[in-house]
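Chains as they are written, first to last, in this note's numbering: chain A, 2 to 300; chain B, 315 to 620.
Treat the hints with care, as some may be off.
Claimed, not checked - Selected chain B positions facing chain A (Cβ under 7 Å, derived; list incomplete):
(1) H375
(2) L456
(3) S555
(4) V561
(5) T568
(6) V592
(7) F599
Worth flagging that the hints you see were computed from the coordinates, not collected in a lab.
Beta carbons: idealized from backbone N, C-alpha and C, even for Gly.
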Amino acid sequence: MPQLTTTRTLPWYAIPWAVDGWDKLKRFPVIALAILLFLVVVPAIFAPWVAPHEPFQGNLSSRLTPPVWQAGGTMEHILGTDKLGRDMLSRIIYGARISLAVSLIAIFVGGIIGTALGLISGYFGGMTDAVIMRLVDISLALPTILLALVLVAAVGPSFGTVVTVLVVLLWARYARLVRGETLAIKELDFIARARVAGASATRIMFKYILPNVVNSLIVLATLQVGYVILFESSLSFLGAGLPRAQPAWGVMVSDGRELIVTAWWVSMFPGLAIMLTVLSLNLLGDWLRDHLDPKLRNL
Amino acid sequence: MQRFIAIRAFQSLLAILVMSMIVFGLARVSGNPLDVMLPIEAEKADYERLEKYWGLDRPVHEQYFIFLAKALQGDFGESLKYQGQSAMGMVAERLPATLELAAVALFISAILALPIGVLAAVGKGSRWDTAAKIVALMGQSLPNFWLGIVLMWIFAVWLDWLPASGRGGVKHLILPAITIGWFQVAAIMRLVRSSMLEVLDSEFVKLARVKGIPEWKVVWKHCLRNAGIAPLTFFAIIAGSLVTGAVVTETVFTWPGVGLLVVDAVRSRDFQVVQAVVILFAGVFILCNLLVDILYAYLDPRIRYQ
């Protein structure tokens, strides 16, 4: 009997990514953007309306409920509950909010400080430039996780601590980038004309140089959000980031660690959330970089 | 070249000093540093003893110099949690464990990343390339503490092939080494691949092929030597991520190294130990950066004139 159908067997390494899908995923960042928006940003912003339950209050009678597809799971708690009976899905949604808030604030503040110092350093040159660049070098040489640990040992874990450490970590890269671009731009004709027309240094820096630097800033910022989320969740996991009461993803993974044998979902889902978010952000950042400014390949 | 080394060495010294000032300052940032350094149950006698030891009745800059002098001798006071043990002594005790882990992770990442990176560059679009891209992207996106937990769950809980924690023989090393190593593998692989791609296009490669040198020799002998500069100098960043990775991985797998020590110390507010670890690691880290910068300048003379 001749074979009427052929079954195509895939080799062992052809997990769904390895076949066409991977390249397509990279070529259509819209998919990555969609994942990002629908899974992370939208729920994060509309958390109180999207989340099915309260993230802080647990119902002890339903503690450690497995996710809905396992025996004992209910539709009430689709992703299960943790050891205090708090709904996992809601906590993950609120956790998205916290992660995004921390990252965006840290990048924003770090970015502003870095950009300002970069502009000043690049435009004025000379001693100012030398001093600021030395600061940048020193700042990039500091081991950040240790810095965070010391800060927490002294002051205690809090939102402010994490943001401070992140800002110290981030500003230097912006400064360096902006300084490099400023050095290139300030030789151009329109700057000379502005100077002849009597524009003040501040005006030149912020009205003429800055808009030309914004492209690279956006790429850098996007590439950094993923890294910042990873760093913040590592700190929270160690107990040196956000306080344990907060539904931060790192804290949740840490909470679930002892329960890994009996209640795997308490650790798995927050970790998965982190991974997917950072993955989408990296894909998005890579695509942005390739399209906006390929020179930044080495970031 | 000398001038370059001198400048970089001076910068490194500054960096270490800044780090020591930060550590020194943080203890005093929340009021009386003794409140940070002593647990709540400490008695008045302890307070007075530490006060005299650190010279807290003297002006701040004198305190800093006392701190610095003691630090240079390796004296960071006594651990508060384990009464009577010197802080630096505890660090020295745990150091071999961390070094073991770091060395294995680095070794694995070198032997894995280098060949795969080269193969990915040579066979652009082939399955090596795809595999490399996946590993690289995962390495960048996976939180390493989660990776550790997932590995532990799969291999130690489900399959029961490997032990879940503690230090022992080779079996205990595998999971923690993979956890730390994944990011290094991803980073090195990416770098090897991109520098190989650049080098493979150059003129001397075409000449070598025209001369009739077998392809494998062209790739592995001639190209790799030139492409190897960038990954080698990436080592500074690797050192940094090893430190971060070690702290987190040791926590996940309860590996008795310096990383676990510092996390415990932070949790129990044992500030003396935290100080000791941070300054030690910072020193090593900054030293690594310095060495790599010098190496880079040696290999690529253009850098020296910046």
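Status of the hints after comparison with the structure:
{"no.": "1", "hint": "H375", "result": "20 Å, violated"}
{"no.": "2", "hint": "L456", "result": "6 Å, holds"}
{"no.": "3", "hint": "S555", "result": "10 Å, violated"}
{"no.": "4", "hint": "V561", "result": "6 Å, holds"}
{"no.": "5", "hint": "T568", "result": "10 Å, violated"}
{"no.": "6", "hint": "V592", "result": "4 Å, holds"}
{"no.": "7", "hint": "F599", "result": "5 Å, holds"}
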